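First to last, the protein sequences are chains L and W.
The opening residue of the first sequence carries number 4 in our numbering; numbering runs sequentially from there.
The opening residue of the second sequence carries number 2 in our numbering; numbering runs sequentially from there.
These aren't lab readings, by the way, just hints derived from the structure by calculation.
Don't take every hint at face value.
[Claimed, not checked] Every beta carbon over 12 Å from chain L, so not counted as near; a handful from chain W, in silico: (1) A15; (2) R46; (3) A50; (4) V51; (5) V52; (6) P57; (7) Q59; (8) C77; (9) E78; (10) F81; (11) S82; (12) P91; (13) Q99; (14) A110.
[Claimed, not checked] Only pairs whose alpha carbons sit at most 25 Å apart, straight line, appear in this in silico SDA-like list of lysine to any residue: (15) K169(L) / E66(W); (16) K169(L) / R98(W); (17) K169(L) / Q47(W); (18) K169(L) / S114(W); (19) K169(L) / Q22(W); (20) K169(L) / G192(L); (21) K169(L) / L65(W); (22) K169(L) / P59(L); (23) K169(L) / S95(W); (24) K25(W) / P59(L); (25) K169(L) / K25(W); (26) K169(L) / D43(W); (27) K25(W) / D41(W); (28) K169(L) / A24(W); (29) K25(W) / G192(L); (30) K169(L) / V68(W).
[Unchecked claim] Here chain L is said to cover these stretches of chain W; the calculated rule only asks that three of the stretch's residues, wherever they fall, bring their Cβ under 8 Å from a Cβ of chain L: (31) 34-43; (32) 63-69.
Computed from a predicted model, the values in this text were never measured in an experiment.
Backbone N, C-alpha and C fix where the C-beta goes; we use that ideal spot for every residue, glycine too.
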Amino acid sequence: MCGQCGCDAPAAVAAAPPQRLELHQGLLSRNDRQAAHNREHFQRHGLRTLNLLSAPGSGKTALLEQLARQWPRPPIGVIVGDLATDNDAQRLQAAGARAVQIRTGDLCHLDAALVDQAFAQLNCRGMDLLVIENVGNLVCPAAFDLGEQRRVAVLSVTEGEDKPLKYPALFKSADAVVINKCDLAEATGFDRRSAIANLQAIAPQAELFELSARTGEGIDALIRWLDAHPA
Amino acid sequence: MHELALLQELCALATAAATEQGAKRIHRIELRVGELGGVDPDALRQAFAVVSATAPWQETQLQLEVVPTRCFCPHCEQTFSPPDVIHACPTCGSISRQVLEGRELELVALEVS
C-alpha cells in the first residue's frame, strides 16, 4: 500500500533530506592547475614569458614585430590567439619570430590548456623570450592565468584616456602597461597627462612604457625591462 | 562573454562533487564572485537560466554572492572598502596596491540529495 490513502500503489520511498557539501573550490581551479604546470614548463626551458593583452587594434602584433627584430637574442617565440585567420602568425614569422597561431573559434580568451597545446608545437631551442599574444579583448582574458611570468597590457592613443577606468580588472592585473601609437598622439588629441593619471590611479603597480611600435621609438626601455627580469 | 565558459566549468565541478558523494540531485549551488573577478554576475545568472532549462539542472538554484572589494592601506594600517574602481584610502588618499578581497571566483557549497 502507498501508506497515504491505502491504495495499491507501492509505498513511496521518502526522499533523503538535502545534504550540504562544503567545497570552497576555485571556479578556475582546473585552469589554474594547468597554468601552474605551464609556468613550471616555461621555467625549465629558461623562458621569460609574457601575456600580452589589449583591445583589438591596439598594436599588439606590431609591437611584437618590433620586439622580434630588436630583441638582443633572437629569435623570440610567440603564441598568438585570434578568433580566426593566421595572418598574425605570418606577420610575426616574416619579422623573424617563431610563431604558432591558435584559432579560438568563438572563444573570447586564451586558456592555459590552449597555450599548453600550442607550446608543444613551438621549437624553443635557443630561445629565451616567449610572448603569448592574447585575443583582442579587455574583459575575458583578465580572468585566465596562462602560466606567464608577467602581464603586459597595451593601450593605444587612439582609444581614449579613460580606458583604464572602463576596464579596471585588466589594468589592475598588469605588471606593465604600454601606451602605443605615441607617434599619433598629437593628431588624435591624446591627453597624455590625463591618461597617465588614470593609469596611476587604477594600476599603481604597473611599469609604464610610452612607445610607437610602428616607428620603434621608445621600445628600447621595454626591452631593457624585459631583459632585466630573467626567467 | 566568458560567463558561459565559466558556467560549464561550474557545472562540471558540481557534477563531479555530487557524483563522488553518490548524490543524484543538486538542489543548490552557492557561488562567491568578487567585484574584481572579471565576471558580470547578471551575465552569469542569465547563462545559468539557459543551462537550468535542461536536465539535470531544472531543480537547481544558483545562489550568487557578490564579494565587495576590500583593500589595505599600509600607511594608515587599516582595511577599507573603496567607493569605486580607484582604490584610494579614505583617510590618507594614497592608492592601495593590496587587494584583500574581491578577486574570488569560488564554488562555496552544494546542497545535494
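Given coverage of the stretch 34-43 of chain W by chain L, checked by CB-CB distance under 8 Å (3 or more): With 4 residues closer than 8 Å to chain L, the stretch 34-43 of chain W meets the three-residue bar; holds.
Closest CB of chain L to the CB of P57(W) still more than 12 Å away: holds (15 Å)
Distance restraint between K169(L) and P59(L), which requires alpha-carbon spacing of 25 Å or less: Since the Cα atoms of K169(L) and P59(L) sit roughly 15 Å apart, the hinted pair holds (cutoff 25 Å).
Restraint status (C-alpha distance of K169(L) to L65(W) at most 25 Å): The hint holds at about 24 Å.
Hinted pair K169(L) and K25(W), Cα distance within 25 Å: Given that 25 Å is the threshold and the Cα spacing comes to 43 Å, the pair is violated.
Restraint status (C-alpha distance of K169(L) to A24(W) at most 25 Å): violated (43 Å)
Pair hint K169(L) and S95(W), alpha-carbon separation not exceeding 25 Å: holds (21 Å)
Beyond 12 Å from every chain L Cβ - status for A15(W): violated (8 Å)
Distal placement of V52(W) relative to chain L, Cβ over 12 Å: holds (14 Å)
25 Å limit on alpha-carbon distance, applied to hinted pair K169(L) and D43(W): holds (18 Å)
Straight-line alpha-carbon gap K169(L) to Q47(W), limit 25 Å: holds (23 Å)
Given hint P59(L) paired with K25(W) - CA-CA distance at most 25 Å: violated (45 Å)
Violation of the numbered hints given earlier is confined to hints 1, 13, 14, 18, 19, 24, 25, 27, 28, 29 and 32; the remaining hints are satisfied by the structure.
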